[in-house]
Structures are given as structure tokens and as C-alpha cells.
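Trainee: Take the sequences, apply the hints, and build the full model.
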Amino acid sequence: MAPRSQRRRHKKPPSSVDSMAVTPPTVVNPVPLTLSKPGPSIDALGFFSLEKNVPGLSQLILQKLNMKSYEEYKLVVDGGTPVSGFGFRCPQEMFQRLEDTFRFCAHCRALPGGLSDSQVLRHCKRCRNVYYCGPECQKSDWPAHRRVCQELRLVAVDRLMEWLLVTGDFALPSGPWPGLAEVVQDWDTWFSMRSLQLDAILDSVLGSPAMTTLWSSVGRPRPDPGVLQSSLKRLLTDALSRPLTLGLGLRALGIDVGKTGGSTVHVVGASHVETFLTRPGDYDELGYMFPGHVGIRVIMVGVDVATGFSQSTSTSPLDPGIVQLSGHRGLYHDFWEEQVETGQTPHPDLVAAFHPGFHASPDLLEAWLPTLLLLRDYEIPTLITVYSHQELEASLQILVDLDVHITTYGTNPFMSLKPEQVYSNPNKKPVYCSAFYIMFLGSSCQLDKRQLEENVNGGFPGGQVPSQYPGGQAPFPNQISTESFPSYPVFSPVSLDYSSDPAVMNQGTIRPAANFDAMRDAEILRKAMKGFGTDEQAIVDVVANRSNDQRQKIKAAFKTMYGKGVGTQERVLIEILCTRTNQEIREIVRCYQSEFGRDLEKDIRSDTSGHFERLLVSMCQGNRDENQSVNHQMAQEDAQRLYQAVQCALNRPAFFAERLYYSMKGAGTDDSTLVRIVVTRSEIDLVQIKQMFCQMYQKTLGTMIASDTSGDYRRLLLAIVGQ
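So that you can map any letter, position 547 of the sequence shown is 547 in UniProt numbering, and since no number is skipped, the others follow by simple counting.
No lab work stands behind these hints: they were computed from the structure. Be aware that a few hints might be false.
Claimed, not checked - Capping the alpha-carbon separation at 20 Å, the derived lysine to aspartate or glutamate pairs in DMTMM-like fashion look like this:
1. K555 with E536
2. K555 with E523
3. K553 with D541
4. K665 with D708
5. K555 with D517
6. K602 with E584
7. K428 with D141
8. K602 with E613
9. K259 with E182
10. K429 with E613
11. K699 with D377
12. K52 with E420
13. K665 with E338
14. K233 with D203
15. K233 with E341
16. K233 with D188
17. K665 with E420
18. K233 with D256
What the hints assert, rightly or not - Just the calculated beta-carbon pair ranges, DEER-fashion:
19. E536 with E337: 19 to 29 Å
20. S388 with V183: 26 to 36 Å
21. V273 with Q552: 49 to 59 Å
22. P280 with K259: 20 to 30 Å
23. D670 with Q537: 19 to 29 Å
Note that the structure is predicted; figures quoted are calculated from it, not measured. Ideal Cβ positions, reconstructed from N, Cα and C, are used throughout, including at glycine.
Mentor: The structure is reproduced here in C-alpha cells:
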């Protein structure tokens, strides 16, 4: 190898293009890419998203693992029986195949099998991380690549050094902190506090046989000791970022970790990787952050949790100083109903979601919605982390729209300092795990801009970036602009004196659409439902945003344009006649005559009898006293005897709230009742019904709908209730 001075002589690349090293080509044969049902798995969605940027890349990865499908891959890493041919004969083969998965042209996205005979993939000699199929592609990419080349050089070293963590040859520091826990506020103070122990650990790893074996297996020169030591430090921050970020949340949200029985933390949306490689002592640093704690449970919940990960639902008190790790495979709102509400698992003191990704796609947001509403409505202290400034903005906007009470957000002082390459777009600036945090508690309308800025700037150590960051420059701004976020008014519950006051009866969640065109909407619905499959979002956009009068006009227009257009249900009859105003009842009688050519009163008489008949006939006259004045003495005397009978007339929102609750409670859903009430009250008093529902059942109507329904049906109902 040339001396250092000679090796660094080429400061400027020829023709603005850095020199390249040749790597032999690899032929890739097409492999069927299948996944029967990805579900709300961010692991699966991330894997398949590779195809958008580099067609065929996911197939190449599977081929290098001697696998035919993503399901085979998941089966093996979940502890299942390996498929025939899976595995590597030696470390050299493993590292070569790992490197092969990065071999595609960063500019034209060509894989080895797509190159002409005159082309060959070469990697940048500086970063050894990005490949090009020829000088023209590299020259075209040079302006973008030069900005990230130094960070990508770190990526190339870190992904090899990470193998020492997997094999256990690089152990995390252990034992109580030698200094005061309150002093540790970021990576600077953590490294300073652990310095003596870390020096011994790092020196031991650098001189170990495992380090020698690693670099003799990868087929490239071993970097200088200083480069390797910096890489080990970055790997430490990556491994310890999550437990220390949990400690950050416990501190910031004022959670008492010294309470009897111990504290419980739920990690929601836990991925396969973070549970598959997690060892029992990996979160001990969280315990050392709180030397007086009496036990901390960390329960990881997610659909991708590794099957071999420890399962524990014990509510027994923990021993002081113990951090217990366990996992549960499934959706969080199901875990909540099956484990938390039944008392099998302690109620969480903090819930954390590392990179939930609900901003990334409508499917992921739909999967996360029941969990987000549950956390909001049960007022559970919650911590979320994201990779980038862009994700922070998008996530904040979603939480704002859900009326979540955001307490603070900012740069995470315990973010990972290990740069992560955007795999299928290598010249995009690397990201850093848990770079930003968002904390929220309960429900309120969003804080205004001034309050948000005070939360970010005030008293909590969230604005600094550790000096260990490569290059000494902050990769992210200390705070974000709040100009893009609306200032929502403070929520003020209306009076619970529900009467027939027109002002009160005009607080629905749906307003008539402007520039309404019934024929145009009918055509949209026709196109959305024509042929195989349906455009569900188009249907939701129309149906959930038109008043009842407009929907009836659409119905008539649809029947006219396309020629397509239903016994007695006593509960429905009672519900309608007892909850409509006199004017509405008279309009119902008129429309009944017009639509069916029959008299509603006569039909009621012919199909009912006795007191029930007389009551309904009386109600359909539309002459009920709607005076708001109340004789309190008479009301007191009648209350006990008539409460159930007149519940609807005195407090319609409470009546409808109860009907809605029991339409979803228990096994199955009474869809007819659910749809009828949500639709018919959406323009009248659904706001009050939602408030009363929350008061009566300590959960929001939206939360119950989200957990009891699914798919487009759920999206439509939530859109109507204004969720």
C-alpha cells in the first residue's frame, strides 16, 4: 500500500470525477418476489419499497441469501427451519454477498445483470460505498455525491464493524454510572462519565483476534486505529440510543420511577430487527439513568416482534434496579384490550414509538390510527422519534390533525451518531436514528406557535448536538418552523343542556358542499364502482363530504343516469320519531307520502297496537311541545319513573351515545345502527354526541370506531365523525 501522503495526493478527481476501483460483475437471475399479505408491517413495506428506486434490488438481496421470497426470509430470521441452500460457507462469502447487495449504479440504477459487455460496476475509491457503471454516470452524480462522500465512507466502515456487536465481540459497557445521573444530559456528558471504562473496552476490541479476523475476511485494507475507534463509538450510540431516549422521555414527562411495583414502558411498533438482536442487558443503561428506580418493565409490542423474544405478562413487582425486557407480537390496540384492560399487564407509565413511519403511507397511517387515538384518549405519556426534519414536520401535522396535545419536540440529545445510508438512493444525505423526538400527553387542540417555541427552547436539554458527530456540525436544525402548522382554538365543551335550540342542533360534523353538482358526483361514484374493484377513496371523498339533502340528490341523479336504485323495525321507528323536531317529523310524513304513495299514520296503525300504537301516532303528528322552559318540581317527581322512557327526548346526545356504544360493544358490530346514527346525526348534533360518548364511556367515539371496524368502512365512518 502507498504511504499516506501519496494516497491522499489526488485532491481533485480527473474531469471532476473521483477515481474508481473495479469489482467483478455478478449476474442476477430474476427471482419471483412474493409476499402473501404484508399487512401493516413497516419491515415488509420498507423491503418492497426498494423496487421503486432500484427495480430488481429486492430480488438480488433474496438471491444472495439463496431465498425465493420475503416470506422465506422472515421465516428464517424468526427462528424457522432454513430453506435449502441458506447460509454461508465462510465469513469471506458472507461479506462478499453483503457487498454485492450494494452493487448497483447510483445514477442509472442498473444492476450487474443489466449492464452491457463494455460496462462494469466500480465503486468510489474514497467512500468505497457507491457504485457507478461508467464515467458518465459518475460525472453526472458527482455534484450530489461529493456532498455525502465523507459520511458514506463512515457508513461503509460502520456496517462492517457492526458485525462485532452481532457476534458479541464488542460488549456494551455495564455497571452503575460512576457519577451523578443528573449530569448526563447528552452524548458529551455520557462519554465523559463512562470514559475510563470505555477506554479499556475500546482498546480491548481494537486488539482482539475478532477485529483481525473481521478485516482479513472483508477483502479490503484495515483502516487506521483512530478510524476504527470512532466507528466503535458511533456503534455504541446506535446501540444505546433507544434506552437513553426512553430515559429522556421519563425525565421530560415527569414520570416517577420510584413508585411501588416498578414502572412500565411500552415500545409500540417494535420491529423485527430491534427484537431479534436484543439481549437481556441491552437496556440496563436505562436503569443506571435512574439509580433509585424500583424496577422498569420494557415491553416491546409489534406485528414484527421476533417469535423467540421473551414473552412476559406478569404484574408481579420487580426487584429494585432490574430492567426487564419482554415482547408481544400483535397490534397494540389488541394488546391493550387483551392484556392491559384485563390486568394481565401493568398500565404503561410511558409509551414510545421509534420511527413509527405513519407519515409514510395511508396504509401505515390507517394501521396506526387506533393506537394513536388510544394513546390520546387514555392520556398516556407518549414519546415518538423520527429520522429527519421532513418526517418531523409530517408527523407533527398528523398529530395536530388528531388534536393531540403535543408537549414538546426537538433534536434528540441521545440520537444515534451512526449515519444510515438511504439504501436504494445512496447519494441522498444519510439519516440518523431517533434524530428528533415528539412528546405528547392526552388530547387538546394544538398549542399555538408561541407555546410550541417556548417548549422547544425552554429548560430541557433537547437543542444541542454532541461533539462526537462526524465533522462537528449539527446535521439538523435545533428547532423547526411552526409556520406550516395551524393555530387551533382551545377546545371548550358546550353546555350539557341539550334542548331543541336551533343553535345547539346545528353542530354536526358535515356541512353542505360548496359548488355542489349532483350529476358530477353521481358520475364520480359510478366510475369508482365500475368494473373489478372499487376506488374506495373516491367514494369516501364524496359520501363523507355531502349533506343528507345533497346525498339524496346524488341518489336521484344516479338513478336517472344509470337506471339503478328496501317489515317494520320498532327500535328504528322509536329512534326516528323520538329524536326529530316537529318540523322534521312533518317533513318525514310528507316525504313518506310522496315516495311510497301511502299515509305514514295509517301504516303505523296497521302494523302496531295498544299503547305503543298511540304513542307513535301521537309522535308522528309533529305537535310535541318544544318549549325550553322546565317545571323543575314536576321534572323531579317524574324523573325516577320516566327516565328510561324519555331519555331520548330530554338528552338526545346521551341516547345516541348509548346506542352507538352498544352497537359496537361485545362480539360483532350492529352495523345498521352504527351507520344510521352516524349518518343521520352528522349534520345535526354529532359534535354533542361525541362529547357525551366520551363523558359516558371514557373513550372517544372515534377510538371505538377505529378499533371495531376496518378498511374503507372505517375510513368512511371516521371521516363522517370528523376524526
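Trainee: Each hint should be assessed against the structure and marked as holding or not.
Mentor: Now for the hints, and whether the structure bears them out:
Using a Cα cut-off of 20 Å, the hinted pair K555 and E536 holds, with the two alpha carbons roughly 18 Å apart. For the given pair, K555 sits about 11 Å from E523 by alpha-carbon distance, which is consistent with the 20 Å threshold. Restraint check: the Cα-Cα separation between K553 and D541 comes to about 16 Å, which is no more than 20 Å; the hinted pair holds. Taking the CA atoms of K665 and D708, the gap is near 9 Å; set against the 20 Å cutoff, the hint holds.
The straight-line distance between the Cα atoms of K555 and D517 is roughly 12 Å, inside the 20 Å bound, and the hint therefore holds. Pair hint K602 plus E584 holds up; C-alpha atoms about 19 Å apart against a cutoff of 20 Å. As the CA atoms of K428 and D141 are separated by approximately 11 Å, the hinted pair is consistent with the 20 Å bound. A hinted pair counts as satisfied when its Cα atoms are at most 20 Å apart, and K602 with E613 qualifies at roughly 11 Å.
With a C-alpha separation of about 19 Å, the suggested pairing of K259 with E182 holds against the 20 Å cut-off. For the hint linking K429 to E613, the alpha-carbon distance of about 74 Å lies beyond 20 Å, and the restraint is violated. Between K699 and D377, the direct Cα distance comes to roughly 6 Å. Compliance with the 20 Å bound is thereby established for this hinted pair. Pair hint K52 plus E420 holds up; C-alpha atoms about 19 Å apart against a cutoff of 20 Å.
Straight-line distance between C-alpha atoms of K665 and E338 comes to about 15 Å, which keeps the hinted pair within the 20 Å bound. A C-alpha spacing of about 12 Å is found between K233 and D203, which places the hinted pair at or below 20 Å, so the restraint holds. At most 20 Å may separate the alpha-carbon atoms for a hinted pair to count; K233 and E341 exceed this at roughly 42 Å. Note on K233 and D188: the hinted pairing holds, with a Cα-Cα distance of about 12 Å set against a maximum of 20 Å.
Proposed proximity of K665 and E420 is contradicted: the alpha carbons are some 45 Å apart, above 20 Å. Distance check on the hinted pair: K233 and D256 sit about 31 Å apart at the alpha-carbon level, beyond 20 Å; violated. Checking the proposed 19 to 29 Å range against E536 and E337 shows it holds: the Cβ atoms sit about 26 Å from each other. Checked against the hint of 26 to 36 Å, the pair S388 and V183 passes, with Cβ atoms roughly 30 Å apart.
Checked against the hint of 49 to 59 Å, the C-beta distance between V273 and Q552 comes to roughly 53 Å, which is consistent with it. For P280 and K259, the Cβ-Cβ distance of about 23 Å falls inside the hinted range of 20 to 30 Å, so the restraint holds. At about 26 Å, the CB distance of D670 to Q537 agrees with the hint of 19 to 29 Å.
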